[in-house]
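Produce the entire structure from the sequences given, and follow the hints as far as they go.
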Amino acid sequence: MNPTYLKYELIRAVRNKRGFIISLVFPLIFFYLIAGGNRHQQLGGISFPTYYLAGMASFGTMGAMIALGARISAERSVGWTRQLRLTPLSVRNYIRAKVLTGYMTALISLALLFVAGATLGVHMTPKGVLHMTALIVVALIPFAALGILIGHLFTPDSMGPVIGGGVSILAFLGGAWGPVGGDHGPLHDISQGTPTYWLVQAGHTLVGAPAWDSKGWVVVAIWTVVLGALAAWAFRRDTSRI
Amino acid sequence: MTTATDQRTATAGIRLTSLSKSYGPVLAVDGVDLVIAPGETVALLGPNGAGKSTTIDMILGLAKPDTGSVHVFGMTPADAVHAGAIGAMLQTGQLLRDLTVRELIAMMASLYPNPMAVDDVLSVTGITDIADRRTQKLSGGQTQRVRSAIALVSNPDLLILDEPTVAMDVEVRREFWTSMREFAARGKTVVFATHYLEEADSYADRIVLMARGRIVADGPATEIKATVGLHTIKATLPDVPIPALTALAGVQSGERRGEAVVLHCNDSDAAIRALLRDFPAASDISIAGAGLEEAFLLLTGDDKSEELS
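In order, the protein sequences belong to chains W and H.
Heads up, the first sequence is in this note's numbering, so the first residue is 1 and it goes up one at a time.
Heads up, the second sequence is in this note's numbering, so the first residue is 1 and it goes up one at a time.
None of these hints come from the bench; they were simulated from the model.
Please read all numbers here as calculations on a predicted model, not as lab measurements.
Some hints could be false.
[Said to hold, decoys possible] Capping the alpha-carbon separation at 27 Å, the derived lysine-lysine pairs in DSS-like fashion look like this:
#1 H/64 to H/188
#2 W/215 to W/127
#3 H/137 to W/17
#4 W/7 to H/137
[As the list claims (entries may be wrong)] What follows is a list of derived Cβ distance ranges for each label pair:
#5 H/117 to W/232: 32 to 40 Å
#6 W/229 to H/139: 42 to 50 Å
#7 H/123 to W/155: 36 to 44 Å
#8 W/233 to H/218: 44 to 52 Å
#9 W/155 to H/226: 46 to 54 Å
#10 W/155 to H/166: 21 to 29 Å
#11 H/133 to W/100: 22 to 30 Å
#12 H/136 to W/233: 15 to 23 Å
#13 W/239 to H/284: 52 to 60 Å
#14 H/175 to W/79: 18 to 26 Å
#15 H/74 to W/239: 25 to 33 Å
By construction, the Cβ of each residue, glycine as well, lies at the ideal position given by its N, Cα and C atoms.
Written out as structure tokens, the structure reads:
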């Protein structure tokens with residue numbers, strides 16, 4: 001991968017107002033607003049700021065990955081993808097650069113939240129931070145596929161509701177805003193079936209919570225396979241006609 | 001053993017052989033054969049729907065020919081693109097946003113094996129003064145110039161411009177052609193599509209005329225201009241035989257339409273003087289520059305069938 005090309009992709013991702021607000025500004029604001037006022041409370045068995053650090057990390061990193069879909073969609077609609085067909089850049093490397101950019105913005109979002117967490121006294125060890133980051137990187141794979149899928153499926157006009165609505169519903173169901181459905185029952189099962197739930201759980205490893213059980217790996221793997229296949233289909237459908 | 005012809009076509013800038021392409025029932029390009037030598041500046045001239053853009057898309061590898069083949073410097077379009085040998089400015093398209101002009105050019109340059117220096121591209125295309133502006137804040141003319149810079153950034157041997165000046169005002173158009181000329185002077189091959197005869201005549205060494213998917217004329221610009229740069233004189237003039245009128249200076253051909261006559265002239269100034277001198281009875285006179293459409297119909301001999309149908 002060409003580092004210069006990647007550098008400018010990252011600059012664009014950070015400069016883009018909507019992407020910047022969704023993946024970098026919103027999570028920080030919500031973290032301070034919600035966790036700041038309840039810093040001595042407990043939620044889901046762990047300290048409130050820690051729970052919200054994990055929740056907002058999932059919200060921000062997920063937003064960063066889905067924003068790559070918004071960029072693909074926008075570039076398709078203005079004929080930029082066609083212009084790129086006249087360069088040696090292959091469509092695969094184009095997508096790879098988009099995914100890498102998504103990951104880099106996700107990691108920036110995460111780093112900002114770690115700093116914010118430290119200011120609210122969230123207890124962090126280097127081991128916990130590494131563990132959480134590594135597991136989040138894995139948990140984001142299905143979201144990268146989701147980004148590619150919507151990027152090839154929707155026009156920029158419909159992207160606002162798709163991202164705004166989709167991210168919010170997935171974030172809520174997965175427990176980013178607080179535990180959903182208690183300890184058991186249908187809502188709890190639905191929540192555990194979302195990829196966001198495991199993204200939030202990955203966040204809890206920061207304070208030494210156990211990593212995913214086998215159910216977590218299976219859920220994330222299934223979402224990866226299904227969304228990956230759909231993304232590959234949408235990508236091929238879109239790039240075969242020029 | 002290779003003959004001289006083989007060698008010439010092997011090193012041709014562009015070689016199109018029996019190229020055809022249809023979109024549904026529409027035959028957009030119909031058996032085009034064309035060889036363009038390295039270093040030539042060629043205009044593809046024709047009305048809308050003549051097949052210019054489809055031909056260009058096939059040269060660039062953006063469309064696949066139904067039959068026939070395309071070679072660019074002896075390579076397939078995909079290989080030529082990969083080698084950075086082709087630069088193109090397509091008819092439509094916006095710029096990537098959230099970058100400055102300089103950043104965008106640098107980003108594109110990074111994709112090619114032997115790009116031009118970014119500052120060099122900026123100065124050739126006259127956009128050094130807007131280099132630090134964000135791409136989404138440019139005017140239409142500035143956007144077109146940045147698009148031309150993107151076409152040049154790979155330092156291509158072949159530059160393809162598909163109706164590049166459509167969205168430009170007169171001054172921007174002139175500056176644009178000045179920079180393209182400067183680029184062509186480096187020994188580059190330039191092919192541009194246009195439906196303006198003046199533009200083809202001013203900037204091309206050679207004009208390839210297309211109509212209805214076919215090449216209907218191909219030659220030096222001056223020659224083609226003489227063929228299609230016709231003016232039409234219409235006048236009401238009963239009872240004069242057509243041969244008496246086509247014998248007048250400046251008149252190339254003519255036809256009768258009831259009481260009226262229509263004269264196709266290669267020199268309408270001389271023709272109108274001769275007409276009024278010899279046939280003072282002529283009335284309701286109008287002189288019009290023939291549109292390209294009309295010129296093509298004349299060239300392809302399709303005007304008669306058109307009138308009958």
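Evaluation of the provided hints:
1. H/64 to H/188: OK: residue 64 of chain H and residue 188 of chain H at ~25 Å, within 27 Å.
2. W/215 to W/127: 24 Å, holds
3. H/137 to W/17: 15 Å, holds
4. W/7 to H/137: 22 Å, holds
5. H/117 to W/232: 32 to 40 Å: 39 Å, holds
6. W/229 to H/139: 42 to 50 Å: 44 Å, holds
7. H/123 to W/155: 36 to 44 Å: Given about 38 Å between the Cβ atoms, the range holds.
8. W/233 to H/218: 44 to 52 Å: 45 Å, holds
9. W/155 to H/226: 46 to 54 Å: Distance hint for residue 155 of chain W, residue 226 of chain H holds at roughly 49 Å.
10. W/155 to H/166: 21 to 29 Å: Holds, at about 25 Å.
11. H/133 to W/100: 22 to 30 Å: 27 Å, holds
12. H/136 to W/233: 15 to 23 Å: 32 Å, violated
13. W/239 to H/284: 52 to 60 Å: 59 Å, holds
14. H/175 to W/79: 18 to 26 Å: Holds, since residue 175 of chain H and residue 79 of chain W (Cβ atoms, about 24 Å apart) stay within the stated range.
15. H/74 to W/239: 25 to 33 Å: 27 Å, holds
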